[in-house]
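Peer 1: Each chain, letter by letter, is given below.
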Amino acid sequence: MMAEIQHPLPNASWETRGYWEGAGRGEIVLQRCRSCGTVQHKPRGVCATCLSGDIEHFVASGRGTVYTFTVTNQNMAKGFAEACPYVMAYVTLEEGPRVLTNIVGCDPDTVIIGMKVTADFATQERDDGEAFAVPRFTPV
Amino acid sequence: MSIAGRFAIAGVYEHPSRFSPDKSEFQIMAECAKGALDDAGLQLSDVDGLFAASMTMGAMGIIDLAEYLNLKPDYLDGTNIGGSSFVAHVIHASAAINAGLCEVALVLYGSTAASSSMAIGTGGRGGAGPAESFISPYGMTTVGSYALYAQLHMNRYGTTSEQLAEIAVAARHHASMNPNAKMRQPITVDDVMSSRVISTPLHLLDCCIISDGGGAVIVTSLERARDLAKKPVIVLGAGEAAVHQEIGSPDLLTIAAKQSGAKAFGRAGLTPAEMDFAMLYDSFTITVLATLENLGFCQPGEGGDFVSGGRIKLGGALPLNLDGGGLSSNHPGMRGIFLVIEATKQLRGEGDVRQVQGARLACVHGTGGTIGDKHSGATLILGVE
Ligand SMILES: [Zn+2]
Numbered sequence: 001m002m003a004e005i006q007h008p009l010p011n012a013s014w015e016t017r018g019y020w021e022g023a024g025r026g027e028i029v030l031q032r033c034r035s036c037g038t039v040q041h042k043p044r045g046v047c048a049t050c051l052s053g054d055i056e057h058f059v060a061s062g063r064g065t066v067y068t069f070t071v072t073n074q075n076m077a078k079g080f081a082e083a084c085p086y087v088m089a090y091v092t093l094e095e096g097p098r099v100l101t102n103i104v105g106c107d108p109d110t111v112i113i114g115m116k117v118t119a120d121f122a123t124q125e126r127d128d129g130e131a132f133a134v135p136r137f138t139p140v
Numbered sequence: 141m142s143i144a145g146r147f148a149i150a151g152v153y154e155h156p157s158r159f160s161p162d163k164s165e166f167q168i169m170a171e172c173a174k175g176a177l178d179d180a181g182l183q184l185s186d187v188d189g190l191f192a193a194s195m196t197m198g199a200m201g202i203i204d205l206a207e208y209l210n211l212k213p214d215y216l217d218g219t220n221i222g223g224s225s226f227v228a229h230v231i232h233a234s235a236a237i238n239a240g241l242c243e244v245a246l247v248l249y250g251s252t253a254a255s256s257s258m259a260i261g262t263g264g265r266g267g268a269g270p271a272e273s274f275i276s277p278y279g280m281t282t283v284g285s286y287a288l289y290a291q292l293h294m295n296r297y298g299t300t301s302e303q304l305a306e307i308a309v310a311a312r313h314h315a316s317m318n319p320n321a322k323m324r325q326p327i328t329v330d331d332v333m334s335s336r337v338i339s340t341p342l343h344l345l346d347c348c349i350i351s352d353g354g355g356a357v358i359v360t361s362l363e364r365a366r367d368l369a370k371k372p373v374i375v376l377g378a379g380e381a382a383v384h385q386e387i388g389s390p391d392l393l394t395i396a397a398k399q400s401g402a403k404a405f406g407r408a409g410l411t412p413a414e415m416d417f418a419m420l421y422d423s424f425t426i427t428v429l430a431t432l433e434n435l436g437f438c439q440p441g442e443g444g445d446f447v448s449g450g451r452i453k454l455g456g457a458l459p460l461n462l463d464g465g466g467l468s469s470n471h472p473g474m475r476g477i478f479l480v481i482e483a484t485k486q487l488r489g490e491g492d493v494r495q496v497q498g499a500r501l502a503c504v505h506g507t508g509g510t511i512g513d514k515h516s517g518a519t520l521i522l523g524v525e
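So the protein sequences, as listed, match chains C and H.
Quick note, the first sequence lines up with residues 1 to 140 if you use the working numbering.
Quick note, the second sequence lines up with residues 141 to 525 if you use the working numbering.
Just chain H, same shape as in the assembly:
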């Protein structure tokens, strides 16, 4: 039986801090857990499924986290597929609840990426091992990987830096309405274009910020969610995928969103055109453009036009990343959980001054890893009754 329509997000919480030098990852996660449990009207003792990943949790990190929270869950999932992990955790939680393995799933993220000075975008990538040795000699960076994608997109379709800049401008516009956002001062296309080039064709303002932060999401059955404090936000469709460089020469412009999105929309019985808004992982402006095309919001090559003319701003045809995204609100290393949190708030009508009026259906897509090399994608279609 499909998980579609029978499981729901019952509680969410986003940590308001963007800089927490006095806190550990687990402390941030615990504070977020309290926030989400309060939001749902649940107690820590109700939690029987624990899902988490972070920038530093190792192979048995999920057990360390259970210890920190003094939890003895019936179900543990420490899946780490990069920044999309938490979107995947919502999917895995729904599947676990569907299988009767747990009832109340707590998904957690916490990070001190900024206060511990992680060089996420422009530090060297790749280690010294045999597998990494095909990458590490060449000066790959996270920005560089996305830049490889952007350069090819521009070459093939004539996409411009000004069009990519529209994505950063829209994100900042939304961040200006989010009191917790790290960067709230509005910017223009010219501001993006005149920021320094990090890795051609990507400018500084095409890149996400680095912050601390964390979040929590509670998933349970729709039946149980209906008895809790907040309006349930229902998982209508879901899909996951991984894309890598294969053994030949795959088209770099086809990202994991193509496969995961087709599954998610198919399982929901819905189309991109029916979405009221979308939360798409925005590590870089090009990530959003690539995701829009691969999810089918527009045809390949049409992303540049799609993001222009105010279409992706609040009030436009498809508002994106209403919290300000990773480009302006927060990007503590991995940010998939914030996509789910903002989508949930919007679907409940809790968007305050940045509320998408009448929002009933949303597409959430997380990308983990880098689209210029190997990466994961996780897509959720969410809705309200």
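For reference, chain C alone in the conformation it holds in the complex:
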């Protein structure tokens, strides 16, 4: 068994804070424009469809489908080199947006496009007082 991925610590701006705080609570948090209704990701301070600043956050289902993936055998970066082979993937969320992520909790060779997955959160030790976590996905 390879080592677990040591995910680099995410950092938030005021625009992206809702997403990472949500992850810290074990939730996938997305944005919806109150003006035109568009659900958007990555988070922004404005709606990228109508430029309204009237944005709300909501808790998404955390369920999605593997859009595409790759089993990474070589990544020289610390935290990943030790974890190869690991699965990097795009997951399309039920609410529409697509997120880059890792598929964990299964043999990399069993991951396929179209696989149903659900969010799984890696909490991290941080010394900056933030309670963020990194969303990954695992087979349903």
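Incorrect hints may have been included.
[Stated by the list, open to error] Listed next, the in silico SDA-like pairs over lysine to any residue satisfying Cα-Cα at most 20 angstroms (straight line): (1) H:Lys371 <-> H:Asp186; (2) C:Lys78 <-> H:Ala268; (3) H:Lys163 <-> H:Thr196; (4) H:Lys370 <-> H:Gly498; (5) C:Lys42 <-> H:Ala268; (6) H:Lys514 <-> C:Gln40.
It is worth saying that the hints were derived from the structure and are not from the lab.
Here the structure of chain C is known, so what remains is to put chain H with the ligand in place on it, guided by the hints.
Peer 2: This is chain H with the ligand only, laid out in the frame that chain C set:
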């Protein structure tokens, strides 16, 4: 007024070295500038427009370069949209000359990617900032980004690793005829297939090499180019585009080439079928296949068949990357400038043993960034009188 047909490439030079531990980026650029100026029959003092980007030039790097060359140009463009930058610089130079802002544009690239040991393909991508934090926790690599694309293409269309390997085999075949190419020993589909898998489904030999290198291109008006040393290579059409992950779920298989290529061919009044050869950025084999489909050389999903059966080799229906490309000749971090240089040499009939006989029209497409995430595309249609 369109820039189509009124501006030309008057001088080119590719640095012959693939490993230059004793040189700086700017020294390589300066050596290339001399080569291209000599090629055109111009002097450094004729240059009034300076265009460049590199792996390490920062926000005001273009001024540092002007200082190094002791140039005081009337027009500066340090646009960096990744490896396609230099294809874009040719477009921007044509526009600047068209606007009367400069007359002789010098486009430069230099890199010590190999001798300074940059881990371009399999180093971790993404920094620690808020925007990068949606990427960096997940172990994205450059290879990995293209692998995400390749996996989806294979799943949707049944494209095979053997078909991708054909692209690497053709590149090496062309490199075997290029005395400056870094990798010249011919390879087979089996060689590619048996090389180790870096990031599924991409093998080591699906990936570009890493070298040092540099190049220079001189752009001026067609009128002025006609009075210079070499046959002008005319900018017939041009287009640029950027593709990113948008806010929803765009089709990953649609890359920037779709938009930039449609503009370029439309402005030239030409079609892909009319091209005698093409120079397509080959960071990875899948990049070429994606670009062929998105430029309209074939339909989506047909790229695997298109690259098979010798069609993309010298003598085939659409020879690609006659210098050996980034897969075999050189890939010093960014390689858009070499696409323009080889296309120019071929269109002048200077291709030597790898010359595409009777070549009069070429498509050049640069991709910058990664097609599995966000990237730029710049397309040029070039021709001779
Ligand atoms: Zn809106």
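Peer 1: Next step is simple, just say for each hint if it's right about the structure.
Peer 2: Evaluated hints:
1. Taken as a hint, the Lys371 of chain H and Asp186 of chain H pair is honoured in the structure, with Cα atoms around 19 angstroms apart against an allowance of 20 angstroms.
2. This hinted pair checks out: Lys78 of chain C and Ala268 of chain H have alpha carbons roughly 14 angstroms apart, not beyond 20 angstroms.
3. A hinted pair counts as satisfied when its Cα atoms are at most 20 angstroms apart, and Lys163 of chain H with Thr196 of chain H qualifies at roughly 14 angstroms.
4. Distance restraint check for Lys370 of chain H and Gly498 of chain H: the Cα-Cα separation of roughly 17 angstroms lies within the 20 angstroms cut-off, and the hinted pair is therefore satisfied.
5. Restraint check for Lys42 of chain C and Ala268 of chain H: satisfied, since their Cα atoms lie roughly 16 angstroms apart, inside the 20 angstroms limit.
6. With a CA separation close to 17 angstroms, the supplied pair Lys514 of chain H and Gln40 of chain C stays within the 20 angstroms bound.
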